[in-house]
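A.B. asks: Now for the letters of each chain:
There are 4 protein chains.
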Amino acid sequence: MKSAAAKCDWFFPDTFLPDISDGISHEALCVLNVEDQDAHLTLKLYFEDAEPMEGFEAVCPAQRTNHIRFDKFFSRDGKAIPQCKGYAVWLHSDVPVLCQYTRVDATKPDRALMTTMGLSV
Amino acid sequence: MKSAAAKCDWFFPDTFLPDISDGISHEALCVLNVEDQDAHLTLKLYFEDAEPMEGFEAVCPAQRTNHIRFDKFFSRDGKAIPQCKGYAVWLHSDVPVLCQYTRVDATKPDRALMTTMGLSV
Amino acid sequence: MKSAAAKCDWFFPDTFLPDISDGISHEALCVLNVEDQDAHLTLKLYFEDAEPMEGFEAVCPAQRTNHIRFDKFFSRDGKAIPQCKGYAVWLHSDVPVLCQYTRVDATKPDRALMTTMGLSV
Amino acid sequence: MKSAAAKCDWFFPDTFLPDISDGISHEALCVLNVEDQDAHLTLKLYFEDAEPMEGFEAVCPAQRTNHIRFDKFFSRDGKAIPQCKGYAVWLHSDVPVLCQYTRVDATKPDRALMTTMGLSV
Numbered sequence: 001m002k003s004a005a006a007k008c009d010w011f012f013p014d015t016f017l018p019d020i021s022d023g024i025s026h027e028a029l030c031v032l033n034v035e036d037q038d039a040h041l042t043l044k045l046y047f048e049d050a051e052p053m054e055g056f057e058a059v060c061p062a063q064r065t066n067h068i069r070f071d072k073f074f075s076r077d078g079k080a081i082p083q084c085k086g087y088a089v090w091l092h093s094d095v096p097v098l099c100q101y102t103r104v105d106a107t108k109p110d111r112a113l114m115t116t117m118g119l120s121v
Numbered sequence: 001m002k003s004a005a006a007k008c009d010w011f012f013p014d015t016f017l018p019d020i021s022d023g024i025s026h027e028a029l030c031v032l033n034v035e036d037q038d039a040h041l042t043l044k045l046y047f048e049d050a051e052p053m054e055g056f057e058a059v060c061p062a063q064r065t066n067h068i069r070f071d072k073f074f075s076r077d078g079k080a081i082p083q084c085k086g087y088a089v090w091l092h093s094d095v096p097v098l099c100q101y102t103r104v105d106a107t108k109p110d111r112a113l114m115t116t117m118g119l120s121v
Numbered sequence: 001m002k003s004a005a006a007k008c009d010w011f012f013p014d015t016f017l018p019d020i021s022d023g024i025s026h027e028a029l030c031v032l033n034v035e036d037q038d039a040h041l042t043l044k045l046y047f048e049d050a051e052p053m054e055g056f057e058a059v060c061p062a063q064r065t066n067h068i069r070f071d072k073f074f075s076r077d078g079k080a081i082p083q084c085k086g087y088a089v090w091l092h093s094d095v096p097v098l099c100q101y102t103r104v105d106a107t108k109p110d111r112a113l114m115t116t117m118g119l120s121v
Numbered sequence: 001m002k003s004a005a006a007k008c009d010w011f012f013p014d015t016f017l018p019d020i021s022d023g024i025s026h027e028a029l030c031v032l033n034v035e036d037q038d039a040h041l042t043l044k045l046y047f048e049d050a051e052p053m054e055g056f057e058a059v060c061p062a063q064r065t066n067h068i069r070f071d072k073f074f075s076r077d078g079k080a081i082p083q084c085k086g087y088a089v090w091l092h093s094d095v096p097v098l099c100q101y102t103r104v105d106a107t108k109p110d111r112a113l114m115t116t117m118g119l120s121v
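Chains as they are written, first to last, in our numbering: chain A, 1 to 121; chain B, 1 to 121; chain C, 1 to 121; chain D, 1 to 121.
Certain hints may be false.
[Claimed, not checked] For each label pair, taking beta carbons as the anchor points, the in silico distance ranges come out as:
hint : chain 1 : residue 1 : chain 2 : residue 2 : range
1    : C       : E51       : A       : K85       : 18 to 26 Å
2    : C       : K2        : B       : D77       : 55 to 63 Å
3    : C       : R76       : A       : K85       : 47 to 55 Å
4    : D       : H92       : A       : A58       : 24 to 32 Å
5    : C       : R76       : B       : A50       : 26 to 34 Å
It is worth saying that the hints were derived from the structure and are not from the lab.
A quick note: this is a predicted structure, and the numbers were derived from the prediction, not measured.
For every residue, glycine included, the Cβ atom is placed at its ideal position computed from N, Cα and C.
Here chain A stands alone, though its shape is the one from the complex (with noise of 0.2 Å):
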């Protein structure tokens, strides 16, 4: 392993999908993966009244980073991440990574940014 601030396991307890019409507004969970080999990604989803999702899923190759919108992500069965919806992420990789994730609000109209690191150990 390249580095070991990279992990297998990345929590995210605040993540809120804006309405997304004004294409502008949107999350992304953003991983970086330095190693050798290509990380295949599991996202769970958690929410405050529901069960949680399961089935998203992407990869994030050897050497690259990938920027996963929220906005444009679909689980296997077609599923797309619920906007104006307080839940929470769990992202598990076969291979160590780094995560960190960032919110666009453009609703107000002017912009408004959020970002932080995953939770990790």
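Given the coordinates of chain A, assemble chains B, C and D onto it according to the supplied hints.
C.D. replies: Same frame as chain A, now just chains B, C and D:
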């Protein structure tokens, strides 16, 4: 325990509830519980010029997230969180959880966002 | 010590005090002291093109928070923090504390916010 | 070493240089060197659809901070950082340093800010 990143104690030195009269501005302390047991949360609020406030409680059910909105959060004896006053929070949970804090300030009137994971060990 | 998350040394590589003439823009270094002893804080400021500045001191009393506003913070010999100039901060405390940094920029004129926990070990 | 929080490797999965033609929008990777030796920094940039870029170098002198503005940062052979394209950064230093990333987006036209400490171990 499903992840060593989940912890029982989380600290947030900079909390501040803006004037919430616009119906948009708020703070949220977002909790993720990936365990199979409900988590019982107690929050202690620290101030610059007064004794800490206690009696703020919430539940984050098993396999759920709880985005605790501080503009709608009251202590057991009905006290609200003071607006426009800097304070700090210690969240304790009986089950290990993951915690992130977000502030939405729409008082200017455009929206400003900030977020950070809590401090823990 | 009440929490192992509390530490005596905190680092903030990106500090920048905007033009504060609007009365809203500011930086705050927010300290939480959950111990039963007062914490005496000393801050060392690092610059890109000059020797570090010392002599900035504050107290965070036992069981209190101190949101140190850098627009109203002066060294022992009356020096203010320079505006519109990138710098960095090392905060040292004699009692373990928890630290978060927040910047409010209202110079555009709408409000922008950013926050992060400090770096420590 | 003066602090165990200082590290030689820092990771930033979500970097994105906005359109910088307004003269305000930018990214900065802010480095703090509290040691008594100069730190020589090398940055490796990772993309979604291309090989990593190398050759980006900077110095953070002893007891100084360096707020590296990516809108004014060029590789040894004169390459600029691409605008409006998601990427990621691995910063390596020969002396342990502390690193924070900040983005300023003024393209809307009001200012949006986001910041986070880098990932390290």
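A.B. asks: Next, verify each hint and record whether it holds.
C.D. replies: To see whether the hints hold, each was checked on the structure:
no. : hint                         : result
1   : C:E51 with A:K85: 18 to 26 Å : 52 Å, violated
2   : C:K2 with B:D77: 55 to 63 Å  : 25 Å, violated
3   : C:R76 with A:K85: 47 to 55 Å : 51 Å, holds
4   : D:H92 with A:A58: 24 to 32 Å : 27 Å, holds
5   : C:R76 with B:A50: 26 to 34 Å : 28 Å, holds
Hints 1 and 2 from the list above are not met by this structure, while the remaining hints are.
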